[in-house]
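So you can see what is in the structure, the chains are spelled out below.
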Amino acid sequence: MTWTPDHPIVSIRDVEKSFGTLKVLKGISMDVMKGEVICIIGPSGSGKSTLIRCINALNDIQGGSITVEGQEVHDHKLDKLALRRKVGMVFQQYNLFPHKTALENIMMAPVKVLKEDKAKVAERARSLLKKVRLEGKEDSYPGELSGGQQQRVAIARSLAMNPDVMLFDEVTAALDPETVKEVLVTIKDLAAEGMTCILVTHEMGFAREVADHIYFTDKGVIVEHGPPTTFFDNAKDPRTKEFLSQIL
Amino acid sequence: MKRHIPGLSAAAKTDLPVLLPPPAPRHHAGVLNFSHWLASIPPWAPFVLVLVAMLLPSLALAQDGATTKDSPFTVLLRWIPFLVTKGFVYTVLISVLTMLLGTILGVILGIGQVNPNRAIRSVSYWITQIFRNSPWLVLLFIVMLSFPFRIEVFGLTIPVPDWSKAVIGLALPVMANISEIVRGAIGSVPSAQWEASESLAFTRRQTLYQIILPQCIKRMIPPWMNWYAILTMATPIVSILGVEEILNLTRQAIEAENNRPELLIPFYGFVLLIFFAYCYPIARLTVRLERRFAVKL
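Residue numbers (the numbering used here), protein chains in the order written: chain A, 328 to 575; chain B, 25 to 321.
In case anyone wonders, no lab produced these hints; they're calculated from the structure.
Keep in mind that the hints are not guaranteed to be accurate.
[What the hints assert, rightly or not] Taking lysine to any residue and the SDA-like style, the derived pairs with C-alpha atoms no more than 25 angstroms apart in a straight line are:
| no. | chain 1 | residue 1 | chain 2 | residue 2 |
| --- | --- | --- | --- | --- |
| 1 | A | K439 | B | K110 |
| 2 | A | K442 | B | E219 |
| 3 | A | K442 | B | Q234 |
| 4 | A | K427 | B | K110 |
| 5 | A | K404 | B | T231 |
| 6 | A | K413 | B | S215 |
| 7 | B | K110 | B | F300 |
| 8 | A | K439 | B | F300 |
| 9 | A | K439 | B | S215 |
| 10 | A | K427 | B | L313 |
| 11 | A | K407 | B | R228 |
| 12 | A | K427 | B | S215 |
| 13 | A | K442 | B | Q276 |
| 14 | A | K413 | B | F300 |
| 15 | A | K361 | B | E222 |
[To be verified] Label pairs and their computed distance ranges (CB to CB):
| no. | chain 1 | residue 1 | chain 2 | residue 2 | range |
| --- | --- | --- | --- | --- | --- |
| 16 | A | T348 | B | Y149 | 26 to 36 angstroms |
| 17 | A | P504 | B | P66 | 51 to 61 angstroms |
| 18 | A | S473 | B | I128 | 35 to 45 angstroms |
| 19 | B | A216 | A | L571 | 26 to 36 angstroms |
| 20 | B | L44 | A | L571 | 41 to 51 angstroms |
| 21 | B | T227 | A | E450 | 47 to 57 angstroms |
| 22 | A | E462 | B | K242 | 56 to 66 angstroms |
| 23 | B | A216 | A | D387 | 13 to 23 angstroms |
| 24 | B | I128 | A | R453 | 33 to 43 angstroms |
| 25 | A | K515 | B | Y233 | 32 to 42 angstroms |
| 26 | B | R145 | A | F346 | 18 to 28 angstroms |
Bear in mind the structure is a predicted one, so any value in this text is a computation, not a measurement.
C-beta: ideal position from N, C-alpha, C; glycine also.
Using the sequences plus the hints, can you model the full thing?
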């Protein structure tokens, strides 16, 4: 089956995931269309991060199915590398390569994995750095950059692979309040350009502003979902209401 | 970096009760124990010690007016060029070659210890453990006595010199210890680095060689140098098996001087000093590099 843009780019059906005897995901389903921005919110330990890590097969699942562009992710025959070229991921702790400069961090995967021409990649990497507003930081090592700057390099590093979907796993959770904004602005730019984004976040104001659809998870299930205005102003489920009352 | 501790440093004085930080350990126990200890010795101390030891028999001899023999010190001076060029040079050569062989094999074995294949992993693990925990001298005996003294290839007889067998024998425990250093260094890289490169579609192999190992090299240098100093100090055991190196030649030199008992301390004292003089700078450098590379991620 070939995938066409009128089908969901990411489709999650009844996904179940356990760590040993602990059931983390108990039947999660969601569809993401191309160009959509999805925010997953919910209390700690509700399985948000686990869910998005399943989308690029960093975690395996025990039940259900996840497809990206029509391709089953948890198929043993699947070429995980091909999948990961389509799905970029940004982590809470940035995870930049500390022995490489910002520019090298961005260039590494396209050069080594995609075997692209080094000069062309360098040019793209520079324009990506410009895009995340870090011109002049090409030769800085991650240790010399602030948390927010490192996170923006990490975003640029993922973008360098030209992914179709970007996953953001609580990317601002480790940042101090002033630098949160610069990272959020970068993500907002991306969303505005039509990049499909799936974010796990605790930034409610941001979720409300950029998301097309919000999913609220608790204890491994999706409790409620909807467009931001309905979700935030007219939450129906008592658990959602309780959660929102605690944080808003 | 200097911190001002209230009540301790002059710049920030307080009469309030303060909880002082625990004193830093002088040389903390760990993988670099040997280098820490060696580097903490004042460099002049061994020289003074040996000098005093040398003087005692010399003085005794001086009181024995009847002798016409050269003083032990003169004898030693006569032998020093021979001991260094024909002895210590070979000691260094053996230690360098051993380290080279041990490092190459150890890196392969260490990477084997983190192989996803269970069989390769456990074989590497057991080889490492066996050679790491065996007495060096026993390993040396096995290699020296079981290896042929010459190999015949296509009718050509190639002699296998004793020193090359000594290198192999000593390289085995070094290999096992380097293997542990490599395994430990790979394990010390946060698992998030593996995940980040996985998510960028790097293969396991690419991740290991391009992301993980380059980060390990810095961490491995100090323990690797520590092992080089330990190995160098251990090379004299090859003299038991008749390999020509400094200890062996020293014994021969004393024999050539009619086994005069007052020569023992000056000669072996000199051997001690030359080892110290060679290993001490290595230990100091090791400790310095360890401090410099102690950067958090």
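Evaluation of the provided hints:
Restraint check for K439 (chain A) and K110 (chain B): the C-alpha separation of about 50 angstroms exceeds 25 angstroms, so the hint is violated. With a CA separation close to 21 angstroms, the supplied pair K442 (chain A) and E219 (chain B) stays within the 25 angstroms bound. Between K442 (chain A) and Q234 (chain B), the direct Cα distance comes to roughly 14 angstroms. Compliance with the 25 angstroms bound is thereby established for this hinted pair. At roughly 46 angstroms between alpha-carbon atoms, K427 (chain A) and K110 (chain B) are farther apart than 25 angstroms, so this suggested pair is violated.
As the CA atoms of K404 (chain A) and T231 (chain B) are separated by approximately 21 angstroms, the hinted pair is consistent with the 25 angstroms bound. For the hint pairing K413 (chain A) with S215 (chain B), the CA-to-CA distance comes to about 23 angstroms; that is within 25 angstroms, so the pair holds. Distance check on the hinted pair: K110 (chain B) and F300 (chain B) sit about 18 angstroms apart at the alpha-carbon level, within 25 angstroms; holds. For the suggested pair K439 (chain A) and F300 (chain B), the alpha carbons sit about 47 angstroms apart, so the restraint of at most 25 angstroms is broken.
Distance check on the hinted pair: K439 (chain A) and S215 (chain B) sit about 20 angstroms apart at the alpha-carbon level, within 25 angstroms; holds. Among the hinted pairs, K427 (chain A) with L313 (chain B) is consistent with the structure: their alpha-carbon atoms are about 20 angstroms apart, no more than 25 angstroms. For the hint pairing K407 (chain A) with R228 (chain B), the CA-to-CA distance comes to about 12 angstroms; that is within 25 angstroms, so the pair holds. Restraint check for K427 (chain A) and S215 (chain B): satisfied, since their Cα atoms lie roughly 17 angstroms apart, inside the 25 angstroms limit.
Using a Cα cut-off of 25 angstroms, the hinted pair K442 (chain A) and Q276 (chain B) is violated, with the two alpha carbons roughly 63 angstroms apart. Distance check on the hinted pair: K413 (chain A) and F300 (chain B) sit about 59 angstroms apart at the alpha-carbon level, beyond 25 angstroms; violated. Our distance criterion of 25 angstroms between C-alpha atoms is met by K361 (chain A) and E222 (chain B), whose separation comes to about 24 angstroms. Between T348 (chain A) and Y149 (chain B) the beta carbon distance is about 29 angstroms. The supplied range of 26 to 36 angstroms therefore holds.
Take P504 (chain A) and P66 (chain B): their Cβ atoms lie about 52 angstroms apart, and the range 51 to 61 angstroms holds. At about 41 angstroms, the CB distance of S473 (chain A) to I128 (chain B) agrees with the hint of 35 to 45 angstroms. As the Cβ distance of A216 (chain B) to L571 (chain A) is approximately 31 angstroms, the hint placing it in 26 to 36 angstroms holds. About 48 angstroms separates the C-beta atoms of L44 (chain B) and L571 (chain A), a value consistent with the hinted range of 41 to 51 angstroms.
Here the CB-CB span from T227 (chain B) to E450 (chain A) is close to 26 angstroms, at odds with the stated 47 to 57 angstroms. Here the CB-CB span from E462 (chain A) to K242 (chain B) is close to 29 angstroms, at odds with the stated 56 to 66 angstroms. As the Cβ distance of A216 (chain B) to D387 (chain A) is approximately 18 angstroms, the hint placing it in 13 to 23 angstroms holds. Range check, I128 (chain B) to R453 (chain A): Cβ separation about 40 angstroms, and the 33 to 43 angstroms hint holds.
Distance hint check for K515 (chain A) and Y233 (chain B): the Cβ-Cβ separation is about 37 angstroms, which falls inside the suggested range of 32 to 42 angstroms. In this structure, R145 (chain B) and F346 (chain A) meet the distance hint of 18 to 28 angstroms, their C-beta atoms being roughly 23 angstroms apart.
Hints 1, 4, 8, 13, 14, 21, 22 from the list above are not met by this structure, while the remaining hints are.
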